[in-house]
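> Here's the letter readout for the chains.
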Amino acid sequence: MKSDKPDNKKKRRGPPRRKVCPFCADRNVRIDYKNPAAIKRLITERGKIVPRRISGVCSRHQRAVALAVKRARHIALMPYASTGAVS
Amino acid sequence: MSASKLLRKYETVVVTRTNVGAEAQRKLYEKMTELMEKAGARHIRFELWGKRRLAYPIAKAVKGIYMYHVYLADSTFVKELHRQLKLSPIVLRYLSVKLADGIDPDTYDYEKEKQFDELPADLEEPQRRPMTGWEAEFQNGNLGLDLDSDEDEEELDEEEEDEEEEEE
Chain R
1 MKSDKPDNKK KRRGPPRRKV CPFCADRNVR IDYKNPAAIK RLITERGKIV PRRISGVCSR
61 HQRAVALAVK RARHIALMPY ASTGAVS
Chain A
1001 MSASKLLRKY ETVVVTRTNV GAEAQRKLYE KMTELMEKAG ARHIRFELWG KRRLAYPIAK
1061 AVKGIYMYHV YLADSTFVKE LHRQLKLSPI VLRYLSVKLA DGIDPDTYDY EKEKQFDELP
1121 ADLEEPQRRP MTGWEAEFQN GNLGLDLDSD EDEEELDEEE EDEEEEEE
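Those sequence lines, one after another, are chains R and A.
My numbering applies: residue 1 is where the first sequence begins, and numbers increase by one.
My numbering applies: residue 1001 is where the second sequence begins, and numbers increase by one.
Chain R extracted, bound-state conformation (with noise of 0.2 Å):
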């Protein structure tokens, strides 16, 4: 496919950034659901777990992840939904 429109290339300089996985990055950071504040950053305000193509997290990790925010939603570390109001 040959693309016509220069306009479209215009906006995109170089290639896509290739995203890190955090976890891969640094192998220190343990996944675990009884430390909400190391996965918190990968639940949106309202409690849904963001997916790996947004965050870039690898397969491997997103798994442990989702496993472990929920585990922390369980216990009540973490919300199972929120509206994003400070309630």
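Simulated from the structure, these hints should not be mistaken for lab results.
Wrong hints could be hidden among the right ones.
Unchecked claim - BS3-like, lysine-lysine: derived pairs with alpha carbons at most 30 Å apart: (1) A:K1098 x R:K40; (2) A:K1051 x A:K1079; (3) A:K1060 x A:K1086; (4) A:K1051 x R:K70; (5) A:K1060 x R:K70; (6) A:K1027 x A:K1009; (7) A:K1063 x R:K40; (8) A:K1086 x R:K70; (9) A:K1079 x A:K1098; (10) A:K1079 x A:K1038; (11) A:K1031 x A:K1063; (12) A:K1051 x A:K1027; (13) R:K70 x A:K1009; (14) A:K1051 x A:K1031; (15) A:K1051 x R:K48; (16) R:K48 x A:K1063.
What the hints assert, rightly or not - What follows is a set of in silico ranges between Cβ atoms, one per label pair, in the way DEER data are often shown: (17) R:P16 x A:D1106: 53 to 61 Å; (18) A:A1039 x R:L67: 26 to 34 Å; (19) A:L1099 x R:C24: 18 to 26 Å; (20) R:K70 x A:G1040: 28 to 36 Å; (21) R:N28 x A:A1022: 32 to 40 Å; (22) A:K1031 x R:Y80: 28 to 36 Å; (23) A:E1023 x R:R41: 33 to 41 Å.
Quick reminder that beta carbons are idealized off the backbone N, C-alpha and C, glycines included.
With chain R held as given, fit chain A onto it using these hints.
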């Protein structure tokens, strides 16, 4: 070779109500350790995480007290423990996770984790357990370990005082 049965290493988090007082917390702890003794489980480590705000209310409770146990046991023990926890009126939630399999309780290095294995003598003012990442995050917030001072409790105390005055 040792004659002991191979056990599994488990961890259990128990969330309890805040308005029941330190005595009930201690009783629950003692009951759990007693159960472990009876079942031939080996208690390794205990941490009291203290009173924390729940991410969502459970049975009208907004805060909970978190207790954390690590022990060696078999699956039948965990089943029994869960049955007992279910019966307890002060337990809001519990979660057990298997950490390792096929551990020989006779050769296991207990000392490695033993330094945490003590219920603080005074539950009113227990020691904080340092944990990576945990302390840093919650130090300023909800790790207030003042188990007896709860809004509900305060109200109860006031009522009692009123009663006393009336009697006089």
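> Against the structure, test the hints numbered earlier, and report the numbers of the ones violated in rising order.
Of the numbered hints, all hold.
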